[in-house]
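So the protein sequences, as listed, match chains U and F.
Note that numbering that gives the first Met the number 0 has the first sequence beginning at 0, numbered continuously upward.
Note that numbering that gives the first Met the number 0 has the second sequence beginning at 0, numbered continuously upward.
Don't read these hints as lab results, they were simulated from the structure.
Predicted model only: the values in this text are computed from it and were never measured.
Be careful, since some hints might not be right.
[Stated by the list, open to error] With the Cβ distance kept under 8 Å, some of the chain U side facing chain F (calculated, not the full set):
1. V118
2. V121
3. I123
4. L126
5. Y127
6. V129
7. G130
8. L134
9. V136
10. L179
11. T187
12. L209
Every residue gets a Cβ at the ideal spot worked out from N, C-alpha and C, and that includes glycine.
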Amino acid sequence: MSLILLYSLGLIFEKAVLIIVLFVVTLGVAAYATYGERKIAAFFQDRLGPSNAGPWGLLQPIADGVKMFTKEDFVPNQSERWIYVLAPGAFIFVALMASAVIPWGTTLTLGGLNWSLQVADVNIGILYVVGLASLGVYGIMLGGWASNNKFSLYGAIRASSQMISYELAMGLSLIAIVMLSGSLSLKTIVEQQSGMWNVVYQPLGFILFLTCALAECNRAPFDMAECETELIGGYHTEYSAMKLGMFLFAEYINMFISCTVISCIYFGGYHFPGLDPNWLGGLLGPIILLSKSFFFIFVFMWIRWTLPRFRYDQLMHLGWKSLIPLAIVNMMLTGAGILWLGK
Amino acid sequence: MAQYIFLTLAALSILTALGMVFSKNPVHSVLYLILTFFVIAGQYILLNAQFLAVVHIIVYAGAIMVLFLFVLMLLNLSKETEPQKSTTWKISACIAAGMLLVTMVGALRGGIQVNIPENASGKVGLVENLGMVLFTDFVVPFEIAGILFLAAMVGAVLVGKRDLQV
């Protein structure tokens, strides 16, 4: 009895440590993604970017954090106070939850113990991620509605209709992956890519998924939600101080998680040709996965600072009349390939 | 342990459902209903039916309730000054819903006795087994449901078309 108790206590301790480490890493990556975005934007526009806070402006995210925390926290008079306060929390909560099912590596050997590098290997991992993506819309909707400002409401309605539309194509492009691997567990999907990455079999699916991920994260060219030139600031117009900070931060967390999910399902996760993810006591796996993820974060920023924003009707046309039919065609091609070529 | 979790979830689901019924503001009602769906998804997970739980969240909380909120926001029905229904309406609605409740309780009481095996290897609800059962034993109802959904989708597109020419 006491052995079982000891074992479950050990398991809880192991998972708690992993969750805290993941939390810190995710927040750190999100914070430095803001720095990276500024530097990359500056590079694309032939500027210097942040350069005053610390060497090469490296302390800029900390300065931003201090600014966000110490600003006046303003709540509009006519707002739905409770929902107004809860919305940013709900948004960042949903964004942080997704890292639980991502397999960050195989096992880490540290201090004579084996640490599994995945918080929960649920057998419906992909659906869990899709479910969280579909819940992400609530923070935006409620925040925009509760501020009682017409620009916020427009932003919220645009953002949520965009997210609902692109979720469909995203789910359909994921079905092809599920058909290929025969499993919904992210761990199994990554394990199966030790030889060949899924992107080789699913080039069209990858492009569809990348486009939908951009739209789900409300990144340019799909940043309809905040569209400064038309809507002032979109759904977070009425937010200030750390509540605004949480919205902005959650968007960067979403970007990091989407990039990691893309690396996991299309680019082999912690596998890399010629490298064994078990090297360095298992630490190489997470390093490989994070490098891939950072590369895709760079791609996201590259796209943002290259392409102009879509018009709203073009966005809807692209989602419903191009991406969804293409995703269905991709699904049928995959089915035919599995049937006649045996993968 | 599982017993306590079940009781907590059951109490929570009743509380949130009551909150949904008694809220004056429709948006609050929707939020309470979303909470109810989450609690029910918790019950599914307790039964080891993870697939059902996550599909429940995706479909109900992630899609249908978003559309509800959408309509409420677009029509701005959030005012508490909406015209109230007359007392006669309220009483007749209560009676109708009460009769539905009585009928359902009567139909379910001792009527359906499904023999659920106690902890049937804990894998009944996993997606592999669910898919196996759906595509072998229940393939006809499954396909019929699919056709029904297709018909509903075509109908929705037709209704949504602005200038309909039949």
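*Does U/G130 meet its interface restraint, that is, does its C-beta lie within less than 8 Å of any C-beta in chain F?*
Given a least distance of 5 Å, the restraint on U/G130 holds.
*asked:* Hint U/I123 vs chain F: min CB-CB distance below 8 Å?
replied: 5 Å, holds
*Go through the hint on U/L209 and say holds or violated, using the shortest Cβ distance to chain F against 8 Å.*
21 Å, violated
*Would you check whether U/Y127 satisfies its interface hint, that is, whether its CB is within less than 8 Å of any CB in chain F?*
Result: holds, 6 Å to nearest chain F Cβ.
*asked:* So, as I understand it, the hint says U/L126 touches chain F; can you test that by seeing if any CB pair is closer than 8 Å?
replied: 5 Å, holds
*Does the CB of U/L134 sit less than 8 Å away from some CB of chain F?*
At 6 Å from the nearest chain F Cβ, U/L134 passes the 8 Å test, so the hint holds.
_Given U/L179 as an interface hint, is its Cβ closer than 8 Å to any Cβ of chain F?_
Violated - the Cβ of U/L179 stays beyond 8 Å from chain F, reaching only about 16 Å at its closest.
_Supplied contact hint for U/V129, tested at 8 Å Cβ to chain F_ = 6 Å, holds
*Mind checking the CB of U/V121 against every CB in chain F and telling me if the closest is under 8 Å?*
For U/V121, the interface hint holds, since the closest Cβ of chain F sits about 6 Å away, which is under 8 Å.
*Given hint U/T187 near chain F, where the shortest CB pair must fall under 8 Å*: Because about 12 Å separates U/T187 from the closest Cβ in chain F, which is outside the 8 Å limit, the hint is violated.
_Interface hint compliance - U/V118 to chain F, C-beta minimum distance less than 8 Å_ = 15 Å, violated
*For the hint on U/V136, just tell me whether its beta-carbon gets within less than 8 Å of chain F.*
It holds, given that the least Cβ distance between U/V136 and chain F is near 6 Å, below 8 Å.
Hints 1, 10, 11, 12, counting from the list given before, are not met by this structure.
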